[in-house]
Every structure is written in structure tokens, then in C-alpha cells.
Amino acid sequence: MAVTQETVQTVQEVEKYKYGFVTDIDTDTAPKGLNEDIIRFISAKKEEPQWLLDWRLKAYEHWLTMEEPDWAKVGYPPIDYQDAYYYSAPKSAEEGPESLDDVDPELLATYEKLGIPLHEQEVLAGVKNVAVDAVFDSVSVATTFKETLAAHGVIFCSISEAVKDHPELVREYLGSVVPYSDNFFATLNCAVFTDGSFVYIPKGVRCPMELSTYFRINAANTGQFERTLIIADEGSYVSYLEGCTAPMRDENQLHAAVVELVAHKDAEIKYSTVQNWYPGDENGVGGIYNFVTKRGACRGDDSKISWTQVETGSAITWKYPSCILQGDRSVGEFYSIAITNNFQQADTGTKMIHLGKDTRSRIISKGISAGKSQATYRGLVKMMPNASDARNYSQCDSLLIGSECGAHTVPYIESRNRSAQVEHEATTSKISDDQLFYCRQRGIGEEEAVALIVNGFCREVLQELPMEFAVEAQKLVGISLEGSVG
Amino acid sequence: MLEIKNLHASVDGKTILKGLDLAMGPGEVHAIMGPNGSGKSTLSYVIAGRDGYEVTEGSILFNGRDLMEMEPDERAGEGLFLAFQYPVEIPGVSTMNFLKTSLNAIRAYRGEDELDAMDFLKFVREQTATLNITDELLKRAVNVGFSGGEKKRNEVLQMAVLRPSLAVLDETDSGLDVDALKIVGEGVTSLRSPERSMLVITHYQRLLDYVVPDRVHVLADGKIVASGDAGLARELEEKGYAEFSKAAA
Amino acid sequence: MSITSASRAMLDRYEAVRETLPGQRIEWLADLREAAVQSFGKTGLPTPKVEEWKYTNLRALDGFDFSETPGNADAAVDLPDAVGAGPRLVFVDGVFRDDLSQLRDFDGVRFTPLADRLESGADLIQPRLGDLGNDQPLLALNGAFLEDGYVVEVAEKAEIAAPLEVVFADTGGDAPTVRQPRNMIIAGAGSRVQVIETHLGAAPSQQFFNGATMVTVAEGATVEHRRVQRQGAGSVHVNTVRARIDSGGIYDSFVLQQGAAVARDEVQVGLTAGESVARLNGVYLGDGSQVLDNTTVVRHATKNSISEQLYKGALTGSARAVFQGNIRVEAGADGTDGRMTNKTLLLSDKAEIDTKPQLEIFADDVKCSHGATAGELDDDALFYLRARGIPEAQARGMLVEAFLGEVIDGVEEEPIEPLLRDAVGNWLAHAQETDEG
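Residue numbers (my numbering), protein chains in the order written: chain A, 532 to 1017; chain B, 85 to 333; chain C, 26 to 462.
Among these hints, one or two may not hold up.
Stated by the list, open to error - Here are the simulated DSS-like cross-link-like pairs (lysine-lysine), alpha carbons at most 25 Å apart as the crow flies: (1) Lys888/A x Lys392/C; (2) Lys882/A x Lys328/C; (3) Lys604/A x Lys79/C.
As the list claims (entries may be wrong) - Listed next, with one range per pair, are the computed distances between beta-carbon atoms: (4) Arg893/A x Val139/B: 48 to 54 Å; (5) Lys223/B x Lys695/A: 41 to 47 Å; (6) Glu52/C x Thr596/A: 55 to 61 Å.
Simulated from the structure, these hints should not be mistaken for laboratory data.
Idealized CB from N, CA, C, for every residue including glycine.
In isolation and in its complexed conformation, chain A is listed as follows (with noise of 0.2 Å):
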């Protein structure tokens, strides 16, 4: 509860989109359009081995033949993949910094302005230490750290860094969860990813602090395609945090990003998102594209993967990070708040592929809408003919706040087993006259009392986010819905 009463006072604080400023600062950007040459400039850069090359070609072979797909509930306007730069690094992170003394001073103070520290004396919130990848438009700038997880086993680094330093790893997992044909976007990421973050946890490790990636998308007309692989090898235990902020612009940004997990064994991977790219302003010009690919595959019995999302940036969301339950009583989870506002679209949801005996899932979203923005909630439950005894139950509910937005529950439901049970509720209301006047009448003042009552309609996927985030999770509630109301 001082958490909320933090979000009112937040409310009231903080301007529209804090995280709209530029860094101005040298980069080295590889010609503008898409074609072999840039990706083996961007493979050259990133001095990869030949197989990785030769996987990324055969990915843009295939993306060729590939048509972009039309069946999400969004609308934009046709984009020219040529009109955009594929890579883009600041030239001070180009040399590769030793440590964090030698990161240029301008990248480590806007990661100080976003709020995200990369001196590890620095400690996050306050509650305990995390440990951060900051990957600034194609590379990754610092890793926090890396020695102390080193001592446990655990590798964190950027991929790029990864391939270099784990190839066998790399080579074992990358495209093994979403493989290089999956869809348009992931296919085109295949092909250009630039940088994103790597985990490895060993064999009974628990992960002695929580693991962070910051994205941040800085230089214009850039694309961002960043590639993420988590491995949580047999009984080991992670938990990892994305954020994502980029500069207002008006033009639109593309972040096409591919996340795959890996839950071994009695493995846990908990991975959670708060999703703040440029929404675009009130008008809807501008903001990110965000099409991105998230999938997990629980491959062992007794693995766990759990999904917490707070997505309330981005012009258009088109994302459903999905759990692929192939183990024995394998469990996988996904909590999901999408809040859309003035012109945003979101077409977020989940997959749940039930493969294994007794497997479990869970599903529970809330989409607020707002302004003249569309939210859609779309996602699949399928019970294959093995998944004896397997569960599903899924929650999604809708808030509608105004006359002139939309919000759309598409799910589709798949049984082949008669032993597994699939449950399945959805609501759509708003937020009532009756509600915000009793909170009025009461002393709190409009915008506040949506963003309570908001905040509790949310408050089943909030308290699944770890602490340092929830905090930043209910602020960005608040600030998300700023004139939504009167």
C-alpha cells in the first residue's frame, strides 16, 4: 500500500515520457537498407564464426519468401525495411570496454538519467543487488557484475560476447526455441540481430541476484533487433528483468527482438518485462514498433517458466511470449497488464503448448484502454494428446476507460485430451462514475483514483513482479493513463 500512495505522488511528479531525451554521442552506423552485404558488415563487426553467418543468410534467404503477417489487430502503415539502419553502436563502446571504468562517461550518464545504475556500488531500490546488461541501440555498452556471478558459474554477458567466449553454447541453444524460420519478424532478427544479453545458470545454482537487461534505442531511423538466450540448466533458479525506454521521435522505430528460454530440469526461469518504449505522442505520431518473438521451452520434468509483463510503452505491441510445456508436470505462467492510451495498438497475448504429463499453465491478463487506443488480448491454450492430466486457467480481463477506445479478447482453445482440463473467463467493464466519485468524495483526486483503482484491477499481476520493479510497474500505471480522464 505505500506503493500506491508512491504511484499518487508519482503521478502528480513526473512529466509525460521522462525517458524521451537523445544522447548526442559519435556513432559508427553501417549503411542505411537490408541486403547480405550489411549482414556480413554486421557479422564482420561483431567478428563471428562462419556457422553463425551462414544461419543468418539462410535466415534472410528465407525472410525473403516470407510475407509480413496481417492477422493481429493492428494497423499501420506499410514499412519500407529498406529505410532503416541495421546497426548502429556508439564508437566508445566499439573498442569493447575492459570494465566499467572504461565506458564512456555520456553512455553511463543517460543510463544514470534513466535510472539504472552501472556502478555496481550503486544499488538498485535499495532491497538487494542486480546486476545489469545495458545494450544501447545494436551493442551491449556494460555488464555489471560479472565477476561476482562468475563465482557461482553463472555467465551473463551480451551475446555478442557469448559467441565468442561460449560458442558451444551458443551454437547448442541459439534458434532452438524459436528457429530461424518461426515468423516474419523473428526470421528477420535471425538475420540482423545486433546485440542482447546471455545467461547461463549451471547445474544447481540459484542465481544469487536478480539479472537485468536495459534496451534503450537512442539513434534515429535504427532499427533495433536484439536477441536474448537464457539456459537455466538442471535445478538451478533465475530471475531476469527487461526495460525498455527510447528518445521521442516522430518517426516510427522498429524493435523486432527474439527471446528464448531454456528451463532444464527442475529448472525456474522468471522473466519479467516492463515495457516503456516511446508510445508515440497524443497525437499518435511517432513511437516504437514493437514486434517481438518470446518463447520458453520447459524441456525438462519439473521445469517452471513464468512470464510477467507490464507493456505500456510502444506505438503498436504485437507480442506473446509463450511457454512450450514439454516435461513431465512442467509449469508455465504468464502475467500479462497491457495499458494503451491515446492512439497506442496492442495485440498481446500468450501460447501455452501443453506437451507433458500433468502440466500446468496459468494465464492472467488485464488490458486497460484508454484514450482512442485499441487493446487486444490474444493467445492459445492447446492440449496435445500426450498431456495427460494437464491444466490450464486463464483470467483476461478488460477495463475500459472512454467512449472512443477498444479492447478485444481473442482466445483460441485447442483440446485433444480428455483428462486435461481447460478453464477459460474473460470480463469486459469500466471503470464506473460510482468508483471514482466514492474515491473523489473521499479526498483523492481524479487522475489518483483511476490510478488506484486501475492499480487494483491490475493488483494480481503486479504482486507477481519482483519488488524493484513493481514499484516502477505502478508508478508507470499512473503516468500511462495521464489524460485519459475529464
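Assemble chains B and C onto chain A, guided by the hints.
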């Protein structure tokens, strides 16, 4: 401290209050009684500033300030409290959280510091004991799944916590059995003080057995048609409203 | 764009039979047919690539040879007893059979074959035929071939006590057949009527039934529309109902889906005026390798309309059921109350359910909800019954009947109720026999 002059108000274009006058001093308890449809609830909503209740003529001064110029939450900040006839359910927001958010918002309005968590808890516990409200109930979402009695007790609790200078009790006795009425009535009585005025809006005399009013007004067809001391309430109970309504017409 | 071979066969067949289709002398009808066939030709039959047909594949039709047009105008047929005491129209192999129909006069209703009204009732019929539209391939196909069907026309304020029955029977034969009746239910203001459609077929017959019904419910009228689908095991059955409800009107639909190899019952309701109500209910019983599809689209286009949907089914063998429900609330349709529930019991290892209960909401002052469940019988309930001495098979039967009973309760005390309870009972007995064997 409350001065209503020639108040005309309409809802959906229909005039409900037709020239109501009322003056209350600090610490006074006034009762407004009237038949269904006389405008009792409209008066409470107009005082609290609910949307859709349009004041077409007249004024309401609260401690010398024009209430009409203020938003509902500003009115609460000024010390106005409305105990709702039908308390509203707010799923997912715990009663405790709601109380704290509300109290701190009002304190902030008055330029006072927030209470810290420990002080707040202590403060709330002191209030809950007399009202027979359990900690379990405080954890539950605001009014969700509450019985009629629990909802009304929750209203009185909020009044105790927020310490208003004027409390408007809109049919606080409705839907209560004898035991619940006693708890609520005694709760309200315990909150009487020289700094706190109360406007008790009711159809029946029974709540007034606990909260003995200084003045009783009869509301009929949007106007005060008779005023008197506590004896008037008993007279009403015996004779019914018909006589007074006739007088209004 | 390429079309399926069955689609091509339909177009060829149209060329072959166009001169023999009903209403040759009627110019406006020829124009309607021409527009419809043009429209169909552009898309052909839908394939699973079309989102609305993702789960139901009409490819079985590609194996049908439609080149022959068997004439079965005098075929002998074994008709079931009438459900109620009202009049009954019987169509056998696509031909209206005066000899088998019971046409009784009732005050306030005209109940005739469509063919009787094409010329004399053109004022009523023509605009409504055009209305059904070519926006969906199967409706366009129906419009091109447009065969005889039934027309129910209820006068203002008339309350028709006995149900009006229609039987579409197919006697089967060596060659595949296509039946494409067009029906209309027109209920005048404040009237009340019940229509019971029964679809029957001989077991082995390869029949493609593609029916279309336009329902208009005027102000304050009530139409109860019951459909019993028991077509032959070789058939492909598609039945599309489009209903438009005026203020205070009620369209109450119930479908039992039990027959055919592949069947789709699609109900599209436009709640175009305030206080209008749609109640859509259904029961499906699938076994063997049947595919039974129930699709609904309810559009709340104005303030304060209500829709309620409850579809429940039981599946055994390797049967598959599909439920696609869509509640769409247009901007400004405040006060909408929309509810939709789909529940399926999977009684065998290979049975499958694909369900997609969808909400599209563009107004904020609404109450909409949907729910879906799939699974087998509740173990605790089963155990409780058995602990009271009830044998397992019987206990299962009781639970399945109780499960489906929730929907059948909605037609309680209607003439059709005993038929539905029997259908469930017989289906269960057969399903359990098959399970044991």
C-alpha cells in the same frame, strides 16, 4: 459552518430541489427527514459534488467558502464527508490501502505530513475496536462481498479515520438490523464533538434515537417545509409525512 | 487466386443447371443469381486459411462428384412423427412435397414454400433475398442456386400457438447431391412464432446441404427458431442464419447438432435497435470422426441490447467440435449486456475441441463476459454417485445428461424437449456401447 441558500438543483433536466435553505453551526447535529422522492439523496450528492447534479440557482457556503467551485476531492479536503447510502465496491483495492490513500490525500491537501505506516496502523486499530471491525475485513477489497452491516460500519470507520468537520449521513440506517443499527448509531454518536457537525438524512426516526439532533427539518418536494427540535422527529413518526407534504403543495 | 476443385465443380454445375433453376421467368431473380455466382467465383469455398474457417475444412467436398443431377421428385421417405400439432412442410431431395406436408390454416401466419411466393409475393420476397448478401461465399453460393425453401410470414400481434415445422429429408442415392434451400422468417410487430427445422438424411448419402435463412424480427416480436441437424453420415452440412432484431424483439435460437460428417451451424445476429435480445443456445453430440461446428456472430449495434449464448456438447470417438463465438459491441452501444459460454465434455481419448470465444468491444459502458471449459467428467461427482451405489456407466450417463441438461432446460416444456432428451439418452447409450466394443 454550512449555509445553504435558495438551493435549486436538477438531475437529467428534472428539478429536484426547489429553493432549499439550511444553516448549521459548528458541532450541531441536524436531521433532514422526508418521504421518498423528496430530494434527500439529491441534497447529499449536491453537497458532495457528484457529476450530473446541476445547481441551477442558490449557493452553498462551507466554512465561508463556496462549495460549488470545488471538485469532490477538494470538498473532502476541506473537511466534508459523505457516508453513502450505497457504499461502492472497488475490486482489488484493499480497505486498508483505500483508507490510507484517502487519509494521506486529505492530509496532503491540508499541507500536513503523511502518516507513516506504523502510526497509521495504530490509528486505524484504535478506530476499528469500537466499531467491531476485524483486521480481516480491512484486508478485503473495499466493500466487495461485505454484508449490508459491514458496508455501513466501513462508512463509519472511514468517517472516524478521516475526521471531517461536516459529515453528511445519507440513509446510513437503511438496510440495517437492530444490532447493526446499534453499532453504527453508537459509532456515529462517539464521533460527535464541538468541532464536528453532522447532517443526518433519514426516512425514519430510529437512527435519531442514538444520534439525537439539535434541529430536525422536514424536506418535501425539494424544500424545507418545517423545522423544529428533536420532538419533531417523533411527531413525524406518529403522524407520517402526508400532512407536511400537503403543506408544501 | 485459385479455388478448390469443389468450388470449380459448383461453378460448372451452375452453368449446366442455370436454365432449370426455379423462377426462370423472373428477371430480378436471374440478376440476383448472376451477382451471387460472380461473387462466389471470386473466392470459391472457404479454406482453413480464412480465419473464420480455420477449424472446419470443407475439403471433403473435393471428393464429391456433382456432375450428375439425380431426380428424386417422387422418392419414398420414412418421415418421423411431427413434433407438435402445427402444420408441417416437407422437402424431400430438395423438392417440396405437397403429398407429405400438412398445411393447416392458422390465423395470422402464412407458411408456404418459397416457390409459391416468388411471383405473387415479390414485394415481400425480393428485397429480402437481396438482403442476405453475397459477402460470404456460402451465402453467395446459396444465392446462385437458390432452391425452394420455406417462408414464414407472421402478421402483426399474431401469436402462433403451435410450432411450424419444416423437414428437409434426403433419401440418399448413388450420386452426391447438393441442396441449397433459401428460407425466410418474417415476424410482424408484437407477434410470436416458433419454427422447428429438422434435417434428415439416409446414412451413406453424400449430400452437400448449404441452407440460408433470413430472419426479421419486428418491434416487440419473438421468434423461436429450433434446428435439429441429423443428416446422413456422409454429408457436409452448412446452415447459415442471419437475423435482424428490431427494438424489443427477441430472437431465440436452439440447435441440436448430431448428424453429418462435417457440419456447421452459423448464426449471425444484428441487434440493431434498443432493448433487443438474442438468445443462442446449442447442444452438440459427436462421435466417429465427425466435425461439428457452431459459429455465432452477435453484433450489438445500438444501446441496451442483450445477448446470451450457451453451447454445450459431448464428444466421443475421434469427433471434433468447434465453437467460434464473437460478440461485437459497436461504438456507442452503451448498456450492452453480452454473455457467452461454451463447455465441452471429452469422453474419449481422441476427441477434440477447438473453441474461440471472442469479444470485440468498442464501447465502454458495457458488461460482456465469456467463459469456456473443456475436460472430462468431474471425478469427485462421479465418485460421489458411485459411493451411493450407482454403477459407473449409469453415473457417467447421469452426469452427461445433467451437463447437457443445462442447455435443454432452456427449451423446457416446448414440444421439442422430449425429442432432445431422447436424443441425448440414445446417443449416450450408443456411445457407451461403442466404447465397450
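Identify every previously stated hint that the structure contradicts and give their numbers, smallest first. 1, 2, 5, 6
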